[in-house]
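Asker: Spelled out from the first residue to the last, the chains are:
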Amino acid sequence: MSERKDWPLWEVFLRSKQGLDHKHCGSLHAPDGQLALQLARDVYTRRQEGVSIWVVRADQIIASDPAEKAAFFDPMQDKIYRHPTFYELPDEVNHL
Amino acid sequence: MYTQSLDIPSPAEGVPDPTALPLDELARSAAFNERAGSGEIVEAKDWMPPAYRKTLIRQISQHAHSEIVGMLPEGNWVTRAPSLKRKTILLAKIQDEGGHGLYLYAAAETLGVSRDELQAALHSGKAKYSSIFNYPTLTWADIGVVGWLVDGAAIINQVPLCRCSYGPYARAMVRICREESFHQRQGFDSLLAMMQGTPAQRAMVQDAVNRWWWPVLMMFGPHDKDSQNSELSTKWGIKRISNDDLRQQFVDAAMAQSEVLGVSFPDPHLQWNAARGHYDFGPIDWAEFWNVVNGHGPCNRERLQARVAAWEEGEWVRAAASAYAAKHPAPARAAA
Amino acid sequence: MSVSDPPPAQASAVCATHVPTLLRYADGSLVLSQRLAACCGHGPALEEDIALANIALDLLGQARLLFAHAGALEDQGRDEDALAFWRVESEFHNPVLCELPNGDFAQTCLRAFFYVAWQAELWAGLTHSVDRTLAAVAQKSAKETRYHCEHLAAWVVRLGDGTPESQRRQQRALDYLYPYANELFCDDDTDRAAAAAQLGPLPSTLEAAWRARIARVIGEATLALPAPVPFYSTGRQGRHSECFSYVLAEMQALARAHPGATW
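Chains D, G and E are the protein sequences, given in the same order. Residue numbering for the first sequence is 4 to 99, as defined by my numbering. Residue numbering for the second sequence is 1098 to 1433, as defined by my numbering. Residue numbering for the third sequence is 223 to 485, as defined by my numbering.
Careful: at least some of the hints might be erroneous.
What the hints assert, rightly or not - Result set (DSSO-like, lysine-lysine): computed pairs, CA atoms no more than 30 angstroms apart in a straight line:
(1) 82(D) x 1223(G)
(2) 72(D) x 362(E)
(3) 362(E) x 1322(G)
(4) 1223(G) x 1142(G)
(5) 1223(G) x 72(D)
(6) 26(D) x 1142(G)
(7) 1182(G) x 1332(G)
(8) 365(E) x 82(D)
(9) 362(E) x 20(D)
(10) 72(D) x 1182(G)
(11) 1332(G) x 1142(G)
(12) 362(E) x 1182(G)
It is worth saying that the hints were derived from the structure and are not from the lab.
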C-alpha cells in the first residue's frame, strides 16, 4: 500500500476540435489514470473546449533543459535555405 | 477572481532582499531583472532569482487561496437561490472559482512547491487570502453584489496579470479572465432584476451595496506609498499597474454602472473631479483592512474552519484513492 | 407540446397520469441536485468539487426541462419556479433515496450512484415514450447519466477497495442505502397508468438491469451486497422521510419570503 497521500500531478492535453492537434491546457492532481481523465474532462472542458483529452503523468515527461537552450536550438538559426523565402523566383512562377 | 494586489508579506518575513545573494548570483540577478522588466517571459525551468520565485509563490498561492475561500460566501446561498435559473448560474460560478483555484495552484506548483504544502500554509493561518472573503453574505442581494463589485474589482486587478512576466501564471490568468467574463455580468443582471422588482428587493440590494462598497475598495490593497512589495514586483513585470491606479479605474467604472442600476454608494465624498477627470472618493479605513487581513474580520475563523474541515474530512478519501492506485497499477489507457 | 394529441375525452385522464409522472422524474433530479450542490466547496479534493458540481448542474438541468414540460402540459400557469418553490412536501414525488442526508463522501457517492444508475435504465425506457418531448429529454440526459455512472462508480470502487477505513465507510453507506433502492422498483397505479399510456416504463421492469449493474460495481469494490429486506419508502407517493421538510425549508425559504417577486 502506498505511503504517499498526495495525488500525483498530471498534464492535460486537449484537442479543441477534430482536425487540430492536442495542445497542453493545464494540469491537475488525480490518484490514477482513469480518474485523471475524468477529472480533466470536468475541470478543462466545462465550456466545450475539447473533443479529445490526453493525460500524462507529469513525472513521465522528458523535457529539454533551458540551460542548454543555446546548444539545442540556436544551430537552427542559420539554416535559412530551409525556408521558401530563401529562393527568389521569377514572378511568373513565384507561386511555387 | 481576486488577487488583491494583496501581495502581503507575513510580518516575520518582511520584504525579500534581492541584495542578499552571492556576487555571481547578483550579476545574474541583475540581468534577469532587466529581461523580466522588459517584457521577456520567464518559464518554469528557467533560472530565476530566489526572491522572484518567492514573491511569485506567495502571490500566486494567495490568489489561489482566495479563489478557494471565495467559494464559501457564495456557497452559503447555493441551496437557497430564489429561482432555478439563479441556482444554476451560481453553482456554475462557484464551480468556476474552484477551477480557477486549481489553475493557480498548478501555476504555483511549477515553482517547486506542492499544492499540499500551499494548502497546509493556508490551514495553519500562515498564508493570506483576499480580505474580501472574510465578510459575510447576509442576503441574496449579496450574491449579486459579489458578482458585480467583487468580481468587477477582481477583473480590473487580474487583466494586467495576463501579461505578467511568469509564463505559467500569465497563462492561468488568460484562462481565468476568459472564464470569468460572465461572473460580473451575471451579478449585475441579478441586481438589475431585483431593482426592477419589489421595494423589499430594492432595499435588499442597497443594503448589500452599503455593506460591500468599502471592503471592495480595500481589495486593491494599500496605497502605493504604503505598498512595500510594489516596487520590486513592478520591476519584475509581475505587477504592471499600481494599486491606486487600479482602484481609481474601478471607482470610475462602478459609478457609471451604479447609475444604470439605481443604487448609491455609502461615501459622501464621492464626486466627479473635472480637473482630474476621475471621481474623488473618501478615505479608506485602513485599520479595518489590517484587522481583517490579520485574522479579525467578521468571518475569518469560519472560513478557515470550513477549509480545514474539508481537508481533514477528505483525508481518508484521498488516502483510499492512493491505496487503490497502488493496488491496481492499471495499464494506461491509450490516447488518441 | 407533443403529447401526440390524445382525443379530448381522454385528455384529463392522461393529464392525471402524465403530469405526476413527469414530476416524479423532475423531483428526483432536483432534490438530488440540491443535495449535491450543498457539497460544493467542501469536497475531499478541488478536482472532485468541480466534478460533483458538474453532476449537480446536469441534474438541475434535467429538472428544469421536465418542469417546463410538466408546467406547459398542465396549463395552470405554473413555471419551473412555481413547481420547485411553491409546492409542499406531500406534493413532491421524488424517491426518498434522493433526499437522504449526504453523510460522508462514501454515502454521497453511493447514493448518487444508486440514483443515476436507475436513471440510466429510465432514460433508456423513455426513448420509446409517446411523449416525444419527454423522449427528447431522456435522450439528452442519457449521455449525461452515462458519465455520472462512470465517475461515481469509479469512486465507489476506489473507496470499497481502498484502505480498511474507506472500506468500512463504503460498506456502512451500502448497508444504510440499499433498502432505499426498493422504492425505485415499486409499481403503483400512476406507474401502471403511465405504462399503459406508453408514457414511460413500469419501474419494476428497470430492476433487473439496475441490480446487475450495482452487483457488478459492488463486487469490483470488494464489498458485500446486503440481503434484501422488505422495506419500502414512499417518497414517490408524497410521503417522505423526516429530513425532507428541512431540505425544502432551506430551498424554498427565500422564494417564499417574497411572493410574486421575480429574480
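Asker: Each hint should be assessed against the structure and marked as holding or not.
Answerer: Now the hints, each set against the structure:
1. 82(D) x 1223(G): 54 angstroms, violated
2. 72(D) x 362(E): At roughly 50 angstroms apart (the allowed maximum being 30 angstroms), residue 362(E) and residue 72(D) break the hint.
3. 362(E) x 1322(G): Violated. Residue 362(E) to residue 1322(G) sits at ~57 angstroms, over the 30 angstroms cutoff.
4. 1223(G) x 1142(G): 27 angstroms, holds
5. 1223(G) x 72(D): Not satisfied, since the Cα-Cα distance of roughly 38 angstroms exceeds 30 angstroms.
6. 26(D) x 1142(G): The given pair, whose Cα atoms are some 19 angstroms apart, holds under the 30 angstroms limit.
7. 1182(G) x 1332(G): 45 angstroms, violated
8. 365(E) x 82(D): 52 angstroms, violated
9. 362(E) x 20(D): 21 angstroms, holds
10. 72(D) x 1182(G): 52 angstroms, violated
11. 1332(G) x 1142(G): With Cα atoms ~21 angstroms apart, residue 1332(G) and residue 1142(G) stay inside 30 angstroms; holds.
12. 362(E) x 1182(G): The given pair, whose Cα atoms are some 19 angstroms apart, holds under the 30 angstroms limit.
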